[in-house]
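Asks: Letter by letter, the chains look like this.
Number of protein chains: 2
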Amino acid sequence: MSRSAEINDIEQGLKFQPKFDAAGLVTCVATDAGTGEVLMVAHMNDEALRRTMSSGEAWYFSRSRNSLWRKGETSGHVQRVVEMRVDCDQDAIWIRVEQTGGACHTGRRSCFYRSLAAGEGGERLSFVDADKLFDPAKAYGKDR
Amino acid sequence: MSRSAEINDIEQGLKFQPKFDAAGLVTCVATDAGTGEVLMVAHMNDEALRRTMSSGEAWYFSRSRNSLWRKGETSGHVQRVVEMRVDCDQDAIWIRVEQTGGACHTGRRSCFYRSLAAGEGGERLSFVDADKLFDPAKAYGKDR
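Here the protein sequences line up with chains E and W, keeping their order. For the first sequence, numbering that gives the first Met the number 0 gives the first residue as 0, with consecutive numbering after it. For the second sequence, numbering that gives the first Met the number 0 gives the first residue as 0, with consecutive numbering after it.
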């Protein structure tokens, strides 16, 4: 197949052919199925993709721990997958989920609890939707 | 600073200290500010971050073309940034945007125009919100 036919097949076809990076991962964005809020950005390897599809709950691959990881395994804060989508070049996955508790290991609903803006003295962050829903010290061993 | 104090500063502080990967990039998710739909997942380097913040329009770094890229430069399909957020460990950015036209180089509103599900014979994709809003052949030189 020519390169342009191959690209056309990846982009316009209905065959799932995830484009893993050098580490064997695709990027995954999880959003709240109800509100559209971005909850987290993480990674999946082939096994995490399979388990997510077969179980209907999100599995990821932790780069920092170098291991497969069922979201909520320790904390109980699982993500039930309502819909999975793949992007044009098949190197990113979007999952719409029903999130139990909070997605973030810091105790928040979303990992994106700070906004970023250019200020007079450079960039500045400010807290947005940053209330803690749970105490990470109680919820976790090392799950994040 | 100890490693745990450093992590606390990154996660709980208000100093923007993006954690670029080995290629100098952070992951960026762009969502439609109105609907919450994920439009695309791309990357920003330091310069793309600065230009996005100073101009209020999305700039990215194209890994395939190895160059800085103003979204919509060729097609006119710019993204006006309504809000920028950073995640807990500061290696991912979420931008809520007003998208002119379509975000995807294939002509669709979003790059995520196919859903993914486990079927009897393995995974299958199906088109969702896959109508083309524009003709890529007319809109682009190489902008994507």
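If you are wondering where the hints come from, they were derived from the structure by calculation, not from laboratory data. The beta-carbon is built from N, C-alpha and C at its ideal position, and this holds for glycine as well. Treat the hints with care, since some could be wrong.
Here are the simulated SDA-like pairs of lysine to any residue, each with C-alpha atoms no more than 25 Å apart in a straight line [what the hints assert, rightly or not]: (1) Lys18(W) / Glu56(W); (2) Lys18(E) / His104(W); (3) Lys18(E) / Val127(W); (4) Lys14(E) / Ser125(W); (5) Lys18(W) / Ala21(E); (6) Lys14(W) / Lys14(E).
Restraint-style ranges between C-beta atoms, simulated for each label pair [what the hints assert, rightly or not]: (7) Leu132(E) / Glu119(W): 18 to 28 Å; (8) Arg49(E) / Ser1(W): 13 to 23 Å; (9) Glu72(E) / Asp130(W): 13 to 23 Å; (10) Leu132(W) / Asp130(E): 18 to 28 Å; (11) Gly33(W) / Leu132(E): 41 to 51 Å; (12) Lys131(W) / Glu5(E): 40 to 50 Å; (13) Ser1(E) / Glu97(W): 32 to 42 Å; (14) Glu119(E) / Val127(W): 14 to 24 Å; (15) Arg123(W) / Arg123(E): 25 to 35 Å; (16) Val127(W) / Ser3(E): 37 to 47 Å.
Asks: State the violated hints by number, sorted upward, taking the hints as numbered earlier in the document.
Replies: 6, 7, 8, 9, 10, 11, 12, 14, 15, 16
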